[in-house]
Amino acid sequence: MKIVINTEEGEWSPHPTAKNVLIKSLITKKEFGEDSISILLVKIPKGAVVPEHIHEESEDILYILSGHAKMFIEGLKKFEIEKGMLIRVPRGIKHSIYDVTEDLLIYDVFSPGTI
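Using my numbering, read the sequence shown as starting at 32 and increasing by one per residue.
Read the hints as simulated data drawn from the structure, not as lab findings. Note that this is a predicted model, so its numbers are computed, not measured. Treat each hint with caution, since some may be false.
[Said to hold, decoys possible] Derived lysine-lysine pairs resembling DSS-like cross-links, with alpha carbons at most 30 Å apart:
{"id": "1", "residue 1": "K77", "residue 2": "K101"}
{"id": "2", "residue 1": "K55", "residue 2": "K125"}
{"id": "3", "residue 1": "K61", "residue 2": "K108"}
{"id": "4", "residue 1": "K114", "residue 2": "K101"}
{"id": "5", "residue 1": "K33", "residue 2": "K74"}
{"id": "6", "residue 1": "K101", "residue 2": "K74"}
{"id": "7", "residue 1": "K125", "residue 2": "K114"}
{"id": "8", "residue 1": "K125", "residue 2": "K108"}
{"id": "9", "residue 1": "K55", "residue 2": "K101"}
{"id": "10", "residue 1": "K125", "residue 2": "K101"}
{"id": "11", "residue 1": "K108", "residue 2": "K50"}
{"id": "12", "residue 1": "K114", "residue 2": "K60"}
{"id": "13", "residue 1": "K74", "residue 2": "K61"}
{"id": "14", "residue 1": "K33", "residue 2": "K55"}
{"id": "15", "residue 1": "K108", "residue 2": "K74"}
{"id": "16", "residue 1": "K60", "residue 2": "K50"}
{"id": "17", "residue 1": "K125", "residue 2": "K50"}
{"id": "18", "residue 1": "K109", "residue 2": "K77"}
{"id": "19", "residue 1": "K125", "residue 2": "K74"}
{"id": "20", "residue 1": "K61", "residue 2": "K125"}
{"id": "21", "residue 1": "K109", "residue 2": "K61"}
{"id": "22", "residue 1": "K50", "residue 2": "K74"}
{"id": "23", "residue 1": "K74", "residue 2": "K60"}
{"id": "24", "residue 1": "K33", "residue 2": "K77"}
{"id": "25", "residue 1": "K125", "residue 2": "K109"}
{"id": "26", "residue 1": "K55", "residue 2": "K109"}
{"id": "27", "residue 1": "K114", "residue 2": "K33"}
{"id": "28", "residue 1": "K114", "residue 2": "K55"}
{"id": "29", "residue 1": "K114", "residue 2": "K50"}
{"id": "30", "residue 1": "K74", "residue 2": "K55"}
{"id": "31", "residue 1": "K33", "residue 2": "K60"}
{"id": "32", "residue 1": "K77", "residue 2": "K50"}
{"id": "33", "residue 1": "K50", "residue 2": "K101"}
[Stated by the list, open to error] Taking CB as the label site, the calculated pair distances span:
{"id": "34", "residue 1": "Y138", "residue 2": "F110", "range": "14 to 22 Å"}
{"id": "35", "residue 1": "I34", "residue 2": "K108", "range": "38 to 46 Å"}
{"id": "36", "residue 1": "K61", "residue 2": "I92", "range": "28 to 36 Å"}
{"id": "37", "residue 1": "K101", "residue 2": "P47", "range": "19 to 27 Å"}
{"id": "38", "residue 1": "I34", "residue 2": "I146", "range": "16 to 24 Å"}
{"id": "39", "residue 1": "E83", "residue 2": "N37", "range": "28 to 36 Å"}
Every residue gets a Cβ at the ideal spot worked out from N, C-alpha and C, and that includes glycine.
Full structure from sequences and hints, please.
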């Protein structure tokens, strides 16, 4: 099991549902065990959309490393997201990212892990 992870290592792969969005897995339950969290880096280019979706089994915690966009979280007004923001989406809540006006880079944590 890795203790130190270099985020420059590893491969980017296509997001399973969002066109032109890339993900890089840093910590997975496959590697670290069923009780682990999952941590991903997510690249969302200008103009891309992460469509409305739900994580039934996990909370989704997003830390915005760079960029600017708008976000929808069920039960809240739509709001802008930008560098330095930390967003917690409880399990079972619809959410999406859209109107990306500046490429986004997100540190994305799922608890418990999803992949």
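| task | Mind checking the hinted window 19 to 27 Å against the Cβ distance between K101 and P47? | result | Given a distance of about 22 Å, which is inside 19 to 27 Å, the answer is holds.
| said: Checking one constraint from the list: CA of K33 to CA of K77, max 30 Å. Satisfied? | reply: violated (33 Å)
| query | If you draw a straight line from the CA of K33 to the CA of K74, is it 30 Å or shorter? | reply | With Cα atoms ~23 Å apart, K33 and K74 stay inside 30 Å; holds.
| said: Run the distance test for K33 versus K60: straight-line Cα separation, threshold 30 Å. | reply: holds (13 Å)
| Hint consistency between K50 and K101 [alpha-carbon to alpha-carbon, up to 30 Å] | Holds: K50 and K101 sit about 17 Å apart, inside 30 Å.
| query | Between K74 and K61, does the CA-CA distance stay at or below 30 Å? | reply | holds (22 Å)
| Straight-line alpha-carbon gap K125 to K108, limit 30 Å | Judged against 30 Å, a Cα distance of about 12 Å means the pair holds.
| task | Take a quick look at whether K125 and K101 sit within 30 Å of each other, Cα to Cα. | result | holds (14 Å)
| Hey, K109 versus K77, does the alpha-carbon distance stay inside 30 Å? | holds (18 Å)
| Within 30 Å, alpha carbon to alpha carbon, are K33 and K55? | holds (16 Å)
| For the pair supplied as a hint, K55 and K101, is the alpha-carbon distance within the 30 Å limit? | Measuring from Cα to Cα gives roughly 22 Å; hence the hint holds.
| task | Would you mind confirming whether the straight-line C-alpha gap from K101 to K74 stays at or under 30 Å? | result | Judged against 30 Å, a Cα distance of about 15 Å means the pair holds.
Violated hints for the displayed structure, listed by number in ascending order: 3, 21, 24, 36.
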